[in-house]
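One line per chain: the protein sequences are A and B, in this order.
Reminder that position 175 of the first sequence reads as 174 in numbering that gives the first Met the number 0, one-by-one numbering, no gaps.
Reminder that position 449 of the second sequence reads as 448 in numbering that gives the first Met the number 0, one-by-one numbering, no gaps.
Source of the hints: derived by calculation from the structure; they are not laboratory data.
Only a predicted model underlies this, so the values are computations on that prediction, with no experimental measurement involved.
Be careful, since some hints might not be right.
Claimed, not checked - Some, not all, of what chain A presents toward chain B, calculated at C-beta under 7 Å:
# : residue
1 : 49
2 : 53
3 : 56
4 : 58
5 : 60
6 : 64
7 : 80
8 : 82
9 : 105
To be verified - Simulated coverage check for chain B against chain A, where a stretch passes if three residues somewhere in it have a Cβ under 8 Å from a Cβ of chain A:
#  : segment
10 : 148-158
11 : 535-546
What the hints assert, rightly or not - The list that follows gives simulated cross-link-like pairs (lysine-lysine, BS3-like), each with its CA atoms no further than 27 Å apart:
#  : chain 1 : residue 1 : chain 2 : residue 2
12 : A       : 51        : B       : 148
13 : A       : 98        : A       : 51
14 : B       : 148       : A       : 98
We treat Cβ as the ideally placed atom computed from N, Cα and C, and that holds for glycine.
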Amino acid sequence: MHGRPEPAFAPVLLLAFALATLPVAAGAFDMAELMALMGRVEQSRVAFEETKQVAALTAPIVRRGTLRYVRPDQLEMRVETPYFERMDIAGNVLTIETKRGTRQVDLAAAPALAAWVAAIRATLAGDRQTLARHFSFDLRGQATRWTLALLPIDPVLSGVIARIVIDGAQSQVLRIEVDERMGDSTLLVVQPGTSNR
Amino acid sequence: MNGARRWTMVGWLVLMAAAAVWFTVALKVDSDFSAFLPAGQSQTQRIFTRELHDGVTSRLLLVELAHDDPRNLAAISRSVARTLSASPEFRHVANGEGALGAAELALIERHRYQLSDRVDASHFESAALRAALEERLEGLAGGGGALEKRWLASDPTGETLHILAQMAPPIQPSRVDGVWFARGGAAALLVAQTRAPGWDVEGQQRAIAVLEGAFAAARGGGAAQMRYSSPGAMSVASRALIAADVTRLSLASIVLILAILLWVYRSVPVVLLCFLPAATGLVAGVVAVSAWFGTVQGITLGFGATLLGEAVDYPSFLLTQLHAGESVSAARTRLGTTLRMAILTTACGSLALLFADFPGLAQLGILTMVGILTAGAMTYWVLPLWVPEARIRIASSPPVRVTTPTLGAAARWTVVGVLAIVVAALAWSRPWFDDDVASMNPAPAALRDRDRELRDALGAPDVRYLLVVVGATQEDVLANAEELRPELQRWTESGAIRGFDLVTDLLPSAGRQATRQAALPAAVQLRANLDIALAGLPFRPHTFDPFLADVEEARSAAPLTLESMSESALRFRAESLLRHDSGVAGAGGDDWYAVIPLRGVTDAAAVARGAAAMGNAVRWIDLRAESSAMMAAFRHRAMLYAGLGALLIFGVLAQGLRSAPQALRLMAPVLLAIALTAGTLAAAGAPLSVLHLVALLLVLGVGINYALFFARAAVAREDAWRTLRTLAVVSGTTLCAFGMLAWSRIAVLHVIGTTVCLGVVFSLACCATLLYAREPA
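All chains, please: the whole structure from these sequences, using the hints.
Below, the structure is given as structure tokens:
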């Protein structure tokens, strides 16, 4: 945890890094480059605000919490408001903790959930293979500001989720938008300046 | 003489032709292993044998795919599952992919208010609805939001999810790519329920052929390998193994016996004639069994042929006794009484089998008795007419000088006594009887180990314990089973069991369904309750209109029945758990029962106590204990009949020898030899099972024959070498035949082989010592 600089959330280093890779970034930014960029992140932790638009509800649900990633496969989403919830994904096991109790889900047994996890985790990990297994993708923009659109391949997931769009700058994810088939959507925005340990 | 010879031959040929016609028209060979299980007296015992016979667990086929990349294995697993699902040989296949299909899910959703055990009047009051809605809201916000939405509008109280959670097996293997895997991703797992019950070896073989085909097609040129196990697959494998062993070993023993007889008689026709009585006896025995029972068990045929091996001795008893120039008829007249006694005593010995509670053993009894009597009659009346006397070139003087051992009465009994004491001491404090049915299981141990391994990995139901609920009608059974659910839940929570399959989770009793429907509020009431519950919550108006409509419809819905489940997987599951016991039709008692398979039983005693406390409708069956009790009961009866058989043998001997003390003197060494054999087996750590009893009966038969001839030799000393030759030939052939069986890989055959060999050796030793040895001058 200590002693190592963390490029994702150290803006100065980031800038230096961006300058160093300028010749590449100036050309067409492609998936290999994005994955390589993300692959250098050992761990990250950001605060987020998530807004859910649900057709059945008169007002959107807004949740706040932190999102934490540790290479290679650990992802934790901790929601503080309005209801406490902690989703911890390690390997193939998803642990969901709410004030009602804790339960574990085997991701391999829930393909849709596994794909949703892969969208975020594999992007953060720079794991192109896993992404390609679940989604077809479309990357636009430059290293300094990119947009990755993921379209689910799995029929179960694509029946529920239309697409997932991830925006980022360099190796920092800025927002994740999930559009559901039935019209509902979820927008997760990383709070600026909240990065790091 | 010539006329008699011709007529007997014509008669024999006509009878054999008739038997051949019978075989082609009426003979049905059955290969049901459970024929060698007791039929059962009480209802519990009948349920137990029936479940062993064709219950759910007997139909489960467990499959493991390994030796390839997990991704390839998962693909093969999916492909095999698809093929099996489409095949008529299988009812149900699971490999971890969506356990329930769309049809099943729709059925559950449609009947959710009849199926859910949470439905009662308070469940739809405003307070309960409010709690449910708050839970939904929290769920919508949370990670599983997408799942919540599917049933939000029509099912805000979450009944469908509750029912699904209750049905899901609590123990599941981990998954890779959505299918079950074991051993850290090294092996993919499938479980399939065959349509054919476990005892139906033909059906099982067809199912396995479909599985093998599906696997071969899915694997293509890959490296993957498949292992599978099920009671049925074990039957198929053991049948193949038994057939292979029996063929191989009986060929080998026939060659050895032929060699011995050829060496003795030096004539091919004579040797062939020696086999004739036994062969005729076997044919007659099989006809008798199939006429009496309708079918013949494959195993009966195998064992029967073995037991009749003794009949090969009968011609030898006659022919090896021939004096120079003596006709076979004359020898028959001279030896008549001894021969008659030898045959009748063996027939009496098989009496114990005749009354066995096991259909398989009773068949064996009839086969042996009819076979022995036929072979005896052939030897006694027909053989003397048929044997070409000119061809017999048997030595008419002793090839070596024979000396008779000299032993005083005290010395004889000392020898035998010391032997008995040594065996008794070695066998002391060791178990003498083994009533475990497993030792009757012809499946090789490796197959049984594999079965246990796969069963553990898949969390398949325990095969040893069975919880059964009985009732007079189907409705009765379902009502009784419903009462059991809280208790089952407690056992699961306390860790006594890891899970259970309760039929009423799929099919509640009509009464319970009606009660639940009656508890559903009227539309106006429900709307009022819902409006109160919704106050202050951010749900849009009319969101829950589908819910109101569904509840209103459910109030007057027809009850869920097996028939209304149509052809869904749920119906198969319910049907396999709910059974009708036709065995007690008209007895006015509990005709229906529900089987509740238990998974991972860790505290059987606690469950047994709990079940006992719940009254008469609930039966706890420990298959192991139950079968052991049945075996013990059978053993006691078998001993009784064996005793009766011994008494009859005594009667035959006393009549033939015209002296009761002489009869006792003849029987004593044989009974001693049997005791020594049993003791030796116990001392060697191989306690006696029912199979040993069968083998010991055979020892009794041949032992009495040896005793009769030793006794003859002791009276006619100058002719003793002939009798010793006779005994050498007959015991030589018997040891060859059974020594071969002792080599078998199949426990059943191995046991019979070793027991008979031991018994023959002890019989010879005891008879020689007690009957033949000369008193010192």
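Hints versus structure:
The closest approach between the C-beta of residue 49(A) and any C-beta of chain B is roughly 9 Å, which is over the 7 Å cut-off, so the hint fails. The interface hint given for residue 53(A) holds, since its Cβ lies 6 Å from the closest Cβ of chain B, which is under the 7 Å cut-off. Taken as an interface hint, residue 56(A) checks out: its beta carbon lies about 5 Å from the nearest beta carbon of chain B, inside 7 Å. Interface hint at residue 58(A): satisfied, since its Cβ lies 5 Å from the closest Cβ of chain B, which is below the 7 Å cut-off.
The criterion of a C-beta within 7 Å of any C-beta in chain B is met by residue 60(A), whose closest approach is roughly 5 Å, and the hint holds. Given hint, residue 64(A) at the interface with chain B, is violated; its Cβ is 11 Å from that chain's nearest Cβ, farther than 7 Å. Taken as an interface hint, residue 80(A) does not check out: its beta carbon lies about 10 Å from the nearest beta carbon of chain B, beyond 7 Å. The criterion of a C-beta within 7 Å of any C-beta in chain B is met by residue 82(A), whose closest approach is roughly 5 Å, and the hint holds.
With its C-beta approaching chain B no nearer than about 6 Å, residue 105(A) sits inside the 7 Å limit, and its interface hint holds. Interface restraint, the segment 148-158 of chain B with chain A: holds (3 residues with C-beta to C-beta distance below 8 Å; minimum three). Here the segment 535-546 of chain B counts 4 residues with a CB under 8 Å from a CB of chain A, which clears the bar of 3, and the coverage holds. Annotation: proposed proximity of residue 51(A) to residue 148(B) holds, straight-line Cα distance about 13 Å (limit 27 Å).
Proposed proximity of residue 98(A) and residue 51(A) is supported: the alpha carbons are some 21 Å apart, at most 27 Å. This hinted pair checks out: residue 148(B) and residue 98(A) have alpha carbons roughly 21 Å apart, not beyond 27 Å.
Hint compliance for this structure: hints 1, 6, 7 are broken, all remaining hints hold.
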